[in-house]
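Protein chains in written order, with numbering that gives the first Met the number 0: chain A, 0 to 327; chain B, 0 to 327.
To be clear, the hints were calculated from the coordinates, so they are not data collected in a lab.
Accuracy of the hints is not assured; some may be wrong.
A pair counts as met if it fits within one copy or between any two copies, since identical chains are not told apart.
List of simulated lysine-lysine pairs, DSS-like, C-alpha gap at most 25 Å [as the list claims (entries may be wrong)]: (1) 179 x 2; (2) 181 x 256; (3) 179 x 322; (4) 83 x 45; (5) 29 x 269; (6) 269 x 322; (7) 111 x 83; (8) 74 x 111; (9) 322 x 256; (10) 32 x 2; (11) 263 x 291; (12) 249 x 168; (13) 111 x 249; (14) 179 x 256; (15) 149 x 167; (16) 322 x 238; (17) 149 x 179; (18) 167 x 179.
Since the structure is predicted, the reported quantities are computational estimates derived from the model, not experimental observations.
2 protein chains.
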Amino acid sequence: MTKSLDVIAIGNALVDVLSHADDAFLAGHKIPKGSMSLIDAAMAEKLYATMGPAVEISGGSAANSIAGIASLGGKAGFIGKVAKDQLGQIFRHDITSLGVEFTTAPAAQGGKPTGRCLVFVTPDAQRTMQTFLGSAGDVGPDDIDAEQIKRAQITYLEGYLWDTPLAKKAYIKAAEIAHKAKRKTALTLSDKFCVDRHRADFIDLVHGHIDILFANEQEIIALYEARNFDAAVEAVRGKCEIAVLTRSEKGAVIVTKSDTVTVKAQPCAKIVDTTGAGDLFAAGFLFGLTRKLPMAECGRIAAICAAEIISHVGARPEVSLAKLAGLS
Amino acid sequence: MTKSLDVIAIGNALVDVLSHADDAFLAGHKIPKGSMSLIDAAMAEKLYATMGPAVEISGGSAANSIAGIASLGGKAGFIGKVAKDQLGQIFRHDITSLGVEFTTAPAAQGGKPTGRCLVFVTPDAQRTMQTFLGSAGDVGPDDIDAEQIKRAQITYLEGYLWDTPLAKKAYIKAAEIAHKAKRKTALTLSDKFCVDRHRADFIDLVHGHIDILFANEQEIIALYEARNFDAAVEAVRGKCEIAVLTRSEKGAVIVTKSDTVTVKAQPCAKIVDTTGAGDLFAAGFLFGLTRKLPMAECGRIAAICAAEIISHVGARPEVSLAKLAGLS
Numbered sequence: 000m001t002k003s004l005d006v007i008a009i010g011n012a013l014v015d016v017l018s019h020a021d022d023a024f025l026a027g028h029k030i031p032k033g034s035m036s037l038i039d040a041a042m043a044e045k046l047y048a049t050m051g052p053a054v055e056i057s058g059g060s061a062a063n064s065i066a067g068i069a070s071l072g073g074k075a076g077f078i079g080k081v082a083k084d085q086l087g088q089i090f091r092h093d094i095t096s097l098g099v100e101f102t103t104a105p106a107a108q109g110g111k112p113t114g115r116c117l118v119f120v121t122p123d124a125q126r127t128m129q130t131f132l133g134s135a136g137d138v139g140p141d142d143i144d145a146e147q148i149k150r151a152q153i154t155y156l157e158g159y160l161w162d163t164p165l166a167k168k169a170y171i172k173a174a175e176i177a178h179k180a181k182r183k184t185a186l187t188l189s190d191k192f193c194v195d196r197h198r199a200d201f202i203d204l205v206h207g208h209i210d211i212l213f214a215n216e217q218e219i220i221a222l223y224e225a226r227n228f229d230a231a232v233e234a235v236r237g238k239c240e241i242a243v244l245t246r247s248e249k250g251a252v253i254v255t256k257s258d259t260v261t262v263k264a265q266p267c268a269k270i271v272d273t274t275g276a277g278d279l280f281a282a283g284f285l286f287g288l289t290r291k292l293p294m295a296e297c298g299r300i301a302a303i304c305a306a307e308i309i310s311h312v313g314a315r316p317e318v319s320l321a322k323l324a325g326l327s
Numbered sequence: 000m001t002k003s004l005d006v007i008a009i010g011n012a013l014v015d016v017l018s019h020a021d022d023a024f025l026a027g028h029k030i031p032k033g034s035m036s037l038i039d040a041a042m043a044e045k046l047y048a049t050m051g052p053a054v055e056i057s058g059g060s061a062a063n064s065i066a067g068i069a070s071l072g073g074k075a076g077f078i079g080k081v082a083k084d085q086l087g088q089i090f091r092h093d094i095t096s097l098g099v100e101f102t103t104a105p106a107a108q109g110g111k112p113t114g115r116c117l118v119f120v121t122p123d124a125q126r127t128m129q130t131f132l133g134s135a136g137d138v139g140p141d142d143i144d145a146e147q148i149k150r151a152q153i154t155y156l157e158g159y160l161w162d163t164p165l166a167k168k169a170y171i172k173a174a175e176i177a178h179k180a181k182r183k184t185a186l187t188l189s190d191k192f193c194v195d196r197h198r199a200d201f202i203d204l205v206h207g208h209i210d211i212l213f214a215n216e217q218e219i220i221a222l223y224e225a226r227n228f229d230a231a232v233e234a235v236r237g238k239c240e241i242a243v244l245t246r247s248e249k250g251a252v253i254v255t256k257s258d259t260v261t262v263k264a265q266p267c268a269k270i271v272d273t274t275g276a277g278d279l280f281a282a283g284f285l286f287g288l289t290r291k292l293p294m295a296e297c298g299r300i301a302a303i304c305a306a307e308i309i310s311h312v313g314a315r316p317e318v319s320l321a322k323l324a325g326l327s
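Required output: the full structure, derived from the provided sequences and hints.
Next up, the structure:
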C-alpha cells in the first residue's frame with residue numbers, strides 16, 4: 000500500500016464491554032470512579048461474573064479516535080494487536096469497515112485472548128474502566144512498519160500503552176521514524192491515574208518526542224503537579240507545539256507558545272455515557288490539523304465529535320461525523 | 000433447583016450484531032426489509048464483511064422476552080444452545096446476570112459456533128435480520144428437562160425455531176409436558192415470512208397445543224390468509240384461550256372467546272430501533288398473566304415494555320422495567 004494517511008495511531012486493540020452500574024457497585028469492588036485500571040484474566044472473569052448485562056462495542060482509546068477520523072472523512076491507520084478469536088474478529092471488522100488501514104498481524108493462536116475493557120457507566124454518565132489487556136498488550140517494535148509511519152501526516156500515541164514496556168519501545172520507535180520523516184507526533188495522556196504511574200516518563204516523552212499533546216484538566220495538573228489549571232497551562236506552554244487541554248462542559252483550551260485559544264463545549268441534549276469523549280475530541284482536532292484549519296476551527300470540529308459520542312452508549316460514532324460537522 | 004418459575008422459554012440463543020444500514024444496502028443484497036431469513040456460515044461471513052461497524056448485544060426473540068420478564072421482577076428460565084466460545088460466554092453472562100435460570104448444556108467443542116443475527120437498522124427504525132443459527136439450531140428434545148417445564152406457570156415458544164426439525168420436536172415435547180402438568184403454553188408467530196414457511200404446521204400447533212398466542216397484524220393475517228385484520232381476529236377467536244395481536248403504533252388487541260380488549264400503544268419520544276418490540280410486548284403481557292392481572296393491565300405493562308425497547312438500539316431493556324411500569 001502506498002496511499003498517504005492523515006493519521007496513524009498505535010493503541011490498545013480492545014473490545015468494550017459496557018454496562019450500567021451504580022456507585023455502590025464501584026465502592027463494593029473498591030474501584031475509584033472515573034479511573035482506568037489494568038486487571039488480569041482472573042480478575043476480569045471474576046468482575047464480569049458480578050457485572051450486569053452488557054453490550055460489546057469495539058473500543059480502545061486511540062482506536063476510537065481513529066474511527067472518528069475515518070467518520071470525518073480522513074484517511075487513517077491503526078496499529079494494535081488482537082488475537083485470532085471472535086472478539087478479535089469483531090474489532091477487526093469494525094475498524095476496517097470504516098476504511099481504516101489495519102494490517103498488524105494478530106497474536107499467535109493459543110496465546111492471550113483479545114483484550115477487553117469492562118466499562119461501568121454510572122447514572123451520572125461517568126465511565127469507570129477495568130481493562131484486561133490480553134493480546135493488546137503485546138504490540139511491540141516489530142509491529143511498527145516504518146513505511147506506514149512515514150506515509151502518515153501525524154502519528155498518534157495513546158498514553159495507556161505506557162503500562163506495557165514493549166509498547167513503550169514501539170512508541171518511541173514510531174515517534175523517531177515520524178520525526179526523521181518530518182512528520183508530526185501526537186499523544187494523549189489518557190488518564191490521571193496513568194499519568195501518576197508514569198509522570199517522569201511522560202514528561203520526557205512530551206518534552207522530547209511530542210508535537211501535539213492532548214490532556215484533560217486533571218491529567219495536565221497531575222503531569223506538572225501544578226496547583227491549578229492556569230498553572231498547568233503555563234507549565235506546558237512551549238514544551239510541545241500544541242497542547243489541547245479539555246475541560247468537559249467548560250470546553251477546551253488550546254495552548255501554543257504564543258497563543259491561547261478557547262473552545263466552547265457543544266451543547267448535548269442528554270449526556271448518556273462519557274466513554275470516548277476525549278478520544279473523539281482528539282479525533283476532531285487532529286482531523287482539522289491535517290486539513291490545515293485554524294486552531295479555533297479544529298477545536299469546533301473536536302467539540303462536535305465529543306458531543307456526539309457522549310449522547311449515546313459506546314465510544315464509536317453512530318452517525319457520520321463529516322455530516323454532523325458540516326464537512327460533507 | 001426446585002424453585003418455581005413464572006415463565007420458561009425455548010428459543011434461539013443468538014447474539015445480535017446490530018448496525019445501521021440504508022434501504023439501498025438491503026436492496027443491493029436482495030434482502031426484503033423487515034424480514035428475518037436464515038443464512039449459512041459462508042453467507043454470514045460474506046454479509047458481515049460488507050456490513051458497517053456494529054454493536055454486539057445478546058438477542059434471540061424468546062431470550063429477549065425472558066430478559067424482559069426478569070427485568071419486570073419475574074422468575075424466568077431459558078432453554079437454548081450456545082457454543083463454548085466468546086459469543087456463547089457473552090450470551091450466557093447476559094442472561095444469567097439477570098437472574099435467569101439457564102442450564103442448557105452448551106454444544107460440544109469444535110462444532111458450530113454460537114449463532115448470531117445480523118440486524119440492519121434502517122433510518123425508519125425498522126430492523127431486517129439475517130440469522131446464522133450456528134449452535135442455536137441444535138436445541139432438541141434432550142434439552143427439555145421435564146421437571147423444569149413443570150416448575151413454570153407458562154412455557155413460551157418462539158416460532159422461529161420451527162425452522163429446525165429437532166427444535167420442533169423439543170417444542171412439542173415441552174408443550175405436552177406443560178399441559179399434562181396443568182400449565183399454560185404460549186407461542187409467538189415471530190415473523191410473517193416464518194408463518195408463510197410453516198402455515199399448516201403453525202395452525203395445527205396453535206389449535207392443538209397453545210393457550211396464549213402472540214402475533215402482529217401481518218402474521219395473524221398470514222396465518223389465516225385472511226382478507227384483513229378484522230377477519231383474522233374472528234378467525235383466531237376461540238382457537239386458543241388468548242390471542243394477543245399487536246399493531247405497532249395502533250396498539251394491540253387481546254382476543255378471547257368472548258371478549259375483545261383494546262390496548263393503546265405507549266408514547267415513545269423517539270423510535271430508534273424496533274428490534275425486540277414484539278418480544279418485549281410478549282414479556283410484559285406474560286408477566287401480567289403470571290400475576291393474575293386483568294387483560295387490560297397485562298396489555299398496559301406490555302406496551303410500556305415495548306416502548307422502552309424501541310427507544311434505543313438493541314432488544315434487551317436498558318432500565319428496570321419493573322420501575323418503569325410502576326411495579327416496584
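Taking the hints in turn, this is what the structure says about them:
no., hint, in the structure
1, 179 x 2, "within (19 Å within a copy, 69 Å between copies)"
2, 181 x 256, "within (20 Å within a copy, 81 Å between copies)"
3, 179 x 322, "neither (35 Å within a copy, 60 Å between copies)"
4, 83 x 45, "both (23 Å within a copy, 18 Å between copies)"
5, 29 x 269, "neither (29 Å within a copy, 37 Å between copies)"
6, 269 x 322, "both (20 Å within a copy, 21 Å between copies)"
7, 111 x 83, "both (10 Å within a copy, 17 Å between copies)"
8, 74 x 111, "neither (30 Å within a copy, 37 Å between copies)"
9, 322 x 256, "neither (33 Å within a copy, 54 Å between copies)"
10, 32 x 2, "neither (42 Å within a copy, 37 Å between copies)"
11, 263 x 291, "within (20 Å within a copy, 55 Å between copies)"
12, 249 x 168, "neither (35 Å within a copy, 62 Å between copies)"
13, 111 x 249, "neither (41 Å within a copy, 52 Å between copies)"
14, 179 x 256, "within (23 Å within a copy, 82 Å between copies)"
15, 149 x 167, "within (19 Å within a copy, 59 Å between copies)"
16, 322 x 238, "neither (35 Å within a copy, 53 Å between copies)"
17, 149 x 179, "within (9 Å within a copy, 73 Å between copies)"
18, 167 x 179, "within (18 Å within a copy, 67 Å between copies)"
In this structure, the hints that do not hold are numbers 3, 5, 8, 9, 10, 12, 13 and 16, in rising order.
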